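Trainee: Given the structure of chain A, go ahead and fit chain B onto it with the hints provided.
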Amino acid sequence: MNDVAMLEIRNLHATVDGREILKGLDLTVNKGEVHAIMGPNGSGKSTLAHVLAGKDAYEVTEGSVTFDGADLLAMEPDERAAKGVFLAFQYPLEIPGVTTMNFLRTALNAQRKKRGEAELTAPDFIKRVRDASTKLGVDQEMLRRPVNVGFSGGEKKRNEILQMALLEPKLAVLDETDSGLDIDALKVVADGVNRLRSPERAMVVITHYQRLLDHIVPDIVHVLSRGRIVRTGGKELALELEAKGYAGYQDEAA
Amino acid sequence: MTVLPIRTAAETALVEEFAAAKARLPGGREIAARREAAFRRFEASGLPNRRVEEWKYTDLRALMRDAKPLATPPAARALQPQAVGDVLPGIEADQVAIINGVYAPGWSDVSAADPNVTITELFAWLAAHEDFRLDQAVSEPIDLALALNSAFMTGGAVVQVKKGARVAKPIHIAYRFVADAPAAMYPRTLVFVEPGAQVTFIETFHGPAGLDYQVNGALALVVGDGAKVERIKIGDEGAAALHIATVMASIGAKADYREFTFTSGGAVTRNQLFLRSAGDAAKIRIAGANLLKDRQHVDSTLVLDHAARGCESREVFKSVLDGESRGVFQGKIVVRPQAQKTDGKMMTQALLLSEKAEADNKPELEIFADDVQCGHGATSGRLDENLLFYLKARGIPAKEAEALLIQAFVGEAVDGIAHEGVRDLLSARVAAWLEARQ
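Going down the list, the sequences are from chains A and B. Counting in our numbering, the first sequence runs without a single skipped number right up to 386 at its last residue. Counting in our numbering, the second sequence runs without a single skipped number right up to 783 at its last residue.
Looking at chain A on its own, in the form it has when it is part of the complex (with noise of 0.2 Å):
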């Protein structure tokens, strides 16, 4: 059935500033399957994310990273975008003057103008952000403002789960979704990702907390520790993380 992997990450290294943060990283993610990576501050889970979602900043030095086949680095992010790749960002920006619902629209239409179908008419649009901002608890009013202008930081994360529930991606790469979050805002962000699981979906949950994994409860666990990721195991494994801590991890890689 996996016959080919929906991602495959191979010995990536990427640095920011010159600072080698990703040294040699290799994952597997196959449709329908939800990863989390846990793992120290400064283990390089958010590199990942970006270098993921192609962020300039990031600069692969080495290794590859195949999405369905394509080579995802040689794509540029709203490419990736298209093909399907979404990141929930740890710390959602404010865009002045933009409403949440053109920049929902905007976003939706360049994806399937990019990948050649037709753009929604506008009661389509308006008919799946109202059936999708229902479902997340979204109020029609946050929608006529500017994104994310004024907003908490449970509306923040809601909003990344609301578009990510509109673009449907293949892959989402969840970065640190629960910062921030107190744990009402917390079942709710959940509740909204859990709805999205699906055996064409696959998804990469980045947490440094195991909290998370209470609420999204992925199917293998990852430790990423000095950009490697360093053991890999089922669910159990964040319990035991959160039991002892990090600390062997660290030791183990260096």
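Because the hints were derived from the structure by calculation, they are not lab data. Each hint should be verified, as a subset may be incorrect.
Derived DSSO-like pairs: lysine-lysine, alpha-carbon spacing no greater than 27 Å straight-line [stated by the list, open to error]:
1. A:Lys245 - B:Lys744
2. A:Lys319 - A:Lys367
3. A:Lys163 - A:Lys187
4. A:Lys319 - A:Lys376
5. B:Lys744 - A:Lys302
6. B:Lys599 - A:Lys215
Only part of the chain B face toward chain A is listed, based on derived beta-carbon distances under 10 Å [claimed, not checked]:
7. Val397
8. Glu399
9. Ala753
If you're wondering where the values come from, they're calculated on a predicted model, not measured in any experiment. We treat Cβ as the ideally placed atom computed from N, Cα and C, and that holds for glycine.
Mentor: Same frame as chain A, but now just chain B:
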């Protein structure tokens, strides 16, 4: 000892032009004396240049290489309102045409105008109002560009809106240059909005792209007590044109005055506004957007004189600077001792799209009252890389992401326009400018 200033070619040409033209310029003896006095002021100092503080960033002596001869009225054959062009698509407006610096009734269309609005040729009106002095309704600043307009005033219109009138359609004052060779125009327009009236003015400026013509216009605007006025100026001069506009405004008590200046045309533009709050508790909104490329130079200079109590003023200016363009903003807020409870805020922002573009910003506050709230903010910078990445990561291509952010940047100023039709028109203009850039 008398020091004879060394004149530039433009200054010499102006001196010769004035000597040759003054006998045939319109107006009675009083006007002739004003012209003479104004020209003496110009002669004494020459064109404004970088050593004149108010003109430091727009050195006319360097930017104005020559002075063009006075424009002649357009040929009679083309006298029809349509010749002005459909520059306000979708907006129904009464049209007052100022062609080659003079009021042109044949190009105007005020047949269906509100009976509460009167439009008269400038010098005909002045002849009928012998006691009226040009600087009595609105005090005139001492300024060399204005002095040249006062000396050469070629014509213009006087627009009066009666007390309490609610004028439904905007009044479109269309300034056009129609000719095959460059020339200079000095239109002067007077607008009197009586107390309690409500009206929208739209001024548009157009001319041929290939001619380096010169416009030095002046507008005196009196907004009566409790009147509600919006004035929108759209600067679409030809690419080689020099455009100077001096607006002098007096705002009455409890009046609501709003203005917006949009500039994307012309080679060199100076928009200067001298506004005085003459009565208490007026609300004043001054905004503008400049979209510049190549070597365009646009200078927005404001002097807001709070001379009455409890007025609120807001200024929002946005400049988008591409190529080797230069955007200048000078904003001065004066609060006089009697202007207690003044609430003034000024914000000006420049977005630099190119390494070679330049933004100059000079805010000034002169506050002589002790119970006021005044502030100003200024920013200039490039598009935020992190924001661009956020948009790209959602599938929006780089150019489209830039356009979206630029449109949003300008939108913060454009959205303050009260007239919906003009707001939509200018939003579309911004989009078209961005489209042409890609």
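Trainee: Each of the hints needs a verdict: does it hold here or not?
Mentor: Against the structure, the hints come out as follows:
1. A:Lys245 - B:Lys744: Between Lys245 of chain A and Lys744 of chain B the Cα gap is close to 15 Å, so the pair holds against 27 Å.
2. A:Lys319 - A:Lys367: Between Lys319 of chain A and Lys367 of chain A the Cα gap is close to 19 Å, so the pair holds against 27 Å.
3. A:Lys163 - A:Lys187: Roughly 24 Å separates the two Cα atoms, so the pair holds.
4. A:Lys319 - A:Lys376: Cα-Cα ~25 Å, so holds.
5. B:Lys744 - A:Lys302: Between Lys744 of chain B and Lys302 of chain A the Cα gap is close to 25 Å, so the pair holds against 27 Å.
6. B:Lys599 - A:Lys215: violated, 58 Å
7. Val397: The hint is violated - Val397 of chain B has no Cβ within 10 Å of chain A, the shortest such distance being about 37 Å.
8. Glu399: Because about 32 Å separates Glu399 of chain B from the closest Cβ in chain A, which is outside the 10 Å limit, the hint is violated.
9. Ala753: holds, 3 Å
Going through the hint list in order, the structure does not satisfy hints 6, 7, 8.
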